[in-house]
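First to last, the protein sequences are chains Y and V. With my numbering applied, the first sequence closes on residue 368, and no number is skipped along the way. With my numbering applied, the second sequence closes on residue 403, and no number is skipped along the way.
Simulated from the structure, these hints should not be mistaken for laboratory data. Quick caveat, the model's predicted, so the values are computed rather than measured. Heads up, the beta-carbon is just placed ideally off N, CA and C, and yes, glycines get one too. Please note that the accuracy of each hint is not assured.
The calculated DSS-like cross-link candidates involving lysine-lysine, where the alpha carbons are at most 30 Å apart (straight line), are [as the list claims (entries may be wrong)]:
1. Y/Lys-170 - V/Lys-35
2. V/Lys-189 - Y/Lys-54
3. Y/Lys-211 - Y/Lys-192
4. Y/Lys-321 - V/Lys-63
5. V/Lys-173 - Y/Lys-304
6. Y/Lys-255 - V/Lys-262
7. Y/Lys-216 - Y/Lys-321
8. Y/Lys-192 - Y/Lys-54
9. Y/Lys-54 - V/Lys-262
10. Y/Lys-321 - Y/Lys-255
11. Y/Lys-170 - Y/Lys-211
12. Y/Lys-192 - Y/Lys-368
13. Y/Lys-54 - Y/Lys-304
14. Y/Lys-321 - Y/Lys-304
15. Y/Lys-255 - Y/Lys-211
16. V/Lys-189 - V/Lys-173
17. Y/Lys-368 - V/Lys-35
18. Y/Lys-321 - Y/Lys-54
19. Y/Lys-170 - Y/Lys-321
20. Y/Lys-211 - Y/Lys-368
21. V/Lys-262 - V/Lys-221
22. Y/Lys-255 - V/Lys-173
23. Y/Lys-170 - Y/Lys-361
24. Y/Lys-216 - V/Lys-35
25. Y/Lys-211 - Y/Lys-361
26. V/Lys-262 - V/Lys-189
27. Y/Lys-170 - Y/Lys-216
Cβ pair distances, simulated, as ranges [claimed, not checked]:
28. Y/Lys-54 - V/Val-88: 54 to 60 Å
29. Y/Asp-234 - V/Val-339: 23 to 29 Å
30. V/Pro-114 - Y/Glu-236: 51 to 57 Å
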Amino acid sequence: MTFTKTFVASAALSLAAGATFADGHMANEMTIVSWGGAYSASQLNAYHTPYAAKTGVTILNDDSSSTAVARLRAMNEANNITWDVVDVEAGPAMQLCDEGLAMVIDPDTMLAPAPDGTSAADDFGDMLVSECFIPQIVYSTTFGYRTDLVGSTAPTSVCDVFDTVAYPGKRSLFSVPINTMEWALLCDGVAKADIYDVLETPEGQDQALAKLDTIKDDVIWVSSGADTPQLLADGEVVMGATYNGRLFALIEEQKQPVAMIWDGQVMDLDGWIIPTGLSPERQARALDYIMFATDTQRLADQAKWISYGPARASSAPLVGKHADLGIDMGPHMPTAPENLERAFLMNYSFWADYRDDLDAKFQTWLAK
Amino acid sequence: MSALTVISRKPLSFVLSSMAILGALAGLLVGMGLKFAILGLIFGAVLSVGLSFVAICLLDNEKRSRWGLLAFWLVLGFFFFGLAGGLVGILWGWFFGWFVFWLFEGRYRARLHPYLTSRQVLWHFTFRVICGAIFTYLITPILVVMPLSFNAQDFFTFTPEMLQFDPAGYSLKHYRDFFNNNEWQRSFKNSLIIAPISTIISVSLGTLAAIGLSQRHVPFKRLIMALLISPMIVPLIISATGMFFFYATVGNFLENSLGVDKNFVGYIKVILAHSVLGIPFVIITVTATLVGFDNSLTQAAANMGADPVTTFFRVQMPLILPGVISGGLFAFITSFDEVVVIMFVGSASQKTLPWQMFIGLREQISPTILAVATILVVLSIMLLTTLELLRRRSEKLRGLSPA
């Protein structure tokens, strides 16, 4: 009978353990969805920890932002929304807003004004691209290169990526049309202002793909922001595209022989949405969190841990030094004046309309 | 057997041509690493033949030759690739010297039957090389992650410092990260809660189902069996989607109508979902054990006045226990490794280790994953060793083993 006793005892024990564990949790808990890695860590330091200290709310991280749209749709179908606040890019936020999966947030009543009294709507200004979306940061997708593998003249222009004669070796690009096709047209002689007009036409799309054909054999296609830093650290690519914060970490924190090409950086916004269908109590808590986490000081604080520019105009002067490295963070922001002048602002509404078509076309081209 | 075979020296032409092939292969391998494949192939063959010739004909003393070869490869490796190269050089030099004289003295025949043809001898050793290659192929991916988990940098890369065995290239920081990072600790704890409980449920239900299905009077046995095993056959992503909607409804009912705590409901959902995935493994292993079970034993027990429950626990269970335990192990591993269903059914508070590893791999290629993998490999080796030792001990106690 020893087996029976052991069996019953262990079953009882584990059930009891489960029950005590579950009892230990307070109801005062919220799930915040974000991107993971250094980005979630910066949010933890700048927003979650002070908010938990202030209110006593326990914050759970779910690093699922890359699948946010699909997951929110499914949760909505099942009528079981387990997320309270979700961090997404501007494009998906617009999509969620259109589908009624994200709630409308009024900047004047639901967000904190700037310290000088400027209303939140004016403080965020053009960054409020959707009525459901509260931007946090401006980030950019840009290129980094191995300083020891590019010869004596360092690349300075995004078009050097397309120059396999001057810079032989592999380069990594995201396997999506966004950014990649814009860069191809830019380097094929299309003026910045005309790029989206050209990309609307089938001839323009073919032109972009034809330009990409010239380097296709030298490209390693990647799908996540973590891939290019790994490839650069390995020396498997001489240059590659990823988010500027990843490159900052690679260069300044990991001390790799890598430098950035800010030229042609494509800027995008990342921020919060609140799912629709939360209970009034959870919605109130989510709104309270958003009000706290998007005020001027908090947005400026996040830049202490990651090199993304705060979305509020009033936060910019408050951006200080890196919390651990003591580096002045201002020049590392995509919004720093010398970086901004060579930037390229993505056209959200173009991609909202053409994303599905171009994705299909691009994937067919990739498979050829 | 060995005493039967008389070994004799082999002709130089045979030894040198074999060594040329070996050298060419080794040279090709090194050459590919340095991007001079053909050059490496030719150079390797020439160097290997030359060294073998010197070792056999000029030095003419096995001990001296083998030490000489060892020293030669050590210096060569050290000169070109530093400390790590030196170490590889020692290993390779030892093997090289051993192999030359193994061929030359004809020792390879020593343990074989004397009547084997040379073709059979060749196959005998080719077979072993193939087995070794398969073993290497299976085990290398697991071994590679272990040194990488001690990387001082945040990448999946063997840094130059690591290859030179510089202590600065190694660190325990990824292990520290695992033990200090809240997210990792929480997911580890969740795995330790979810996997054992769902294993217990799978084992109980699976064993009962297997015993029921082994009864002669059960109708539609095959259909029921197929249904019960289907979670193993249906693609996981399909089960996960179905479970997501099913358990969402169950969860909503428990939360809203019965007022059960949200987190507790989350655990119940995940544990039930994982039990479903584990049940087929238990059914299969227990059914297999039941094939050898003699049903007259239960009849005998009943004859002596034991009720069915007592019969089950005192007669049947001890005999099918090996099947139950191995089924339980599979069920445990299924839950412990599972990443698809948990991402659908669970919410952030039920995040398990595989989930955390998956996210870590996708969003941040961090060697903490490798540290966790190493810890898990060591833990599972310990677990399996313990189980095997216990099994042997109980077999010995029960007198089942001839030892």
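Hints, verified against the model:
1. Between Y/Lys-170 and V/Lys-35 the alpha-carbon distance is near 16 Å, which keeps this suggested pair within the 30 Å criterion.
2. For the suggested pair V/Lys-189 and Y/Lys-54, the alpha carbons sit about 27 Å apart, so the restraint of at most 30 Å is met.
3. Distance check on the hinted pair: Y/Lys-211 and Y/Lys-192 sit about 16 Å apart at the alpha-carbon level, within 30 Å; holds.
4. Annotation: proposed proximity of Y/Lys-321 to V/Lys-63 is violated, straight-line Cα distance about 66 Å (limit 30 Å).
5. In summary, the hint linking V/Lys-173 to Y/Lys-304 is supported, as the alpha carbons are separated by about 23 Å, within the 30 Å threshold.
6. For the hint pairing Y/Lys-255 with V/Lys-262, the CA-to-CA distance comes to about 45 Å; that exceeds 30 Å, so the pair is violated.
7. Distance restraint check for Y/Lys-216 and Y/Lys-321: the Cα-Cα separation of roughly 40 Å exceeds the 30 Å cut-off, and the hinted pair is therefore not satisfied.
8. For the suggested pair Y/Lys-192 and Y/Lys-54, the alpha carbons sit about 46 Å apart, so the restraint of at most 30 Å is broken.
9. A C-alpha spacing of about 24 Å is found between Y/Lys-54 and V/Lys-262, which places the hinted pair at or below 30 Å, so the restraint holds.
10. Restraint check for Y/Lys-321 and Y/Lys-255: satisfied, since their Cα atoms lie roughly 18 Å apart, inside the 30 Å limit.
11. Of the supplied pair hints, the one linking Y/Lys-170 and Y/Lys-211 holds, its CA atoms being roughly 16 Å apart against a limit of 30 Å.
12. A hinted pair counts as satisfied when its Cα atoms are at most 30 Å apart, and Y/Lys-192 with Y/Lys-368 qualifies at roughly 29 Å.
13. With a CA separation close to 20 Å, the supplied pair Y/Lys-54 and Y/Lys-304 stays within the 30 Å bound.
14. The suggested pairing of Y/Lys-321 with Y/Lys-304 holds, with an alpha-carbon distance near 6 Å, which does not exceed 30 Å.
15. Between Y/Lys-255 and Y/Lys-211, the direct Cα distance comes to roughly 34 Å. Violation of the 30 Å bound is thereby established for this hinted pair.
16. Using a Cα cut-off of 30 Å, the hinted pair V/Lys-189 and V/Lys-173 holds, with the two alpha carbons roughly 21 Å apart.
17. Annotation: proposed proximity of Y/Lys-368 to V/Lys-35 holds, straight-line Cα distance about 28 Å (limit 30 Å).
18. Simply put, Y/Lys-321 and Y/Lys-54 have alpha-carbon atoms about 24 Å apart, close enough for the 30 Å limit, and the pair holds.
19. Note on Y/Lys-170 and Y/Lys-321: the hinted pairing is violated, with a Cα-Cα distance of about 34 Å set against a maximum of 30 Å.
20. As the CA atoms of Y/Lys-211 and Y/Lys-368 are separated by approximately 15 Å, the hinted pair is consistent with the 30 Å bound.
21. A C-alpha spacing of about 39 Å is found between V/Lys-262 and V/Lys-221, which places the hinted pair above 30 Å, so the restraint is violated.
22. For the given pair, Y/Lys-255 sits about 17 Å from V/Lys-173 by alpha-carbon distance, which is consistent with the 30 Å threshold.
23. Between Y/Lys-170 and Y/Lys-361 the CA atoms are separated by roughly 23 Å; this keeps the pair inside 30 Å, and the hint holds.
24. Pair hint Y/Lys-216 plus V/Lys-35 holds up; C-alpha atoms about 22 Å apart against a cutoff of 30 Å.
25. At roughly 15 Å between alpha-carbon atoms, Y/Lys-211 and Y/Lys-361 fall within 30 Å of each other, so this suggested pair holds.
26. Only pairs whose Cα atoms come within 30 Å are accepted, and V/Lys-262 paired with V/Lys-189 is accepted, the gap being roughly 18 Å.
27. Of the supplied pair hints, the one linking Y/Lys-170 and Y/Lys-216 holds, its CA atoms being roughly 10 Å apart against a limit of 30 Å.
28. Distance hint check: the CB atoms of Y/Lys-54 and V/Val-88 are about 58 Å apart, consistent with the given range 54 to 60 Å.
29. About 26 Å separates the C-beta atoms of Y/Asp-234 and V/Val-339, a value consistent with the hinted range of 23 to 29 Å.
30. Take V/Pro-114 and Y/Glu-236: their Cβ atoms lie about 54 Å apart, and the range 51 to 57 Å holds.
Hint compliance for this structure: hints 4, 6, 7, 8, 15, 19, 21 are not met, and every other hint is.
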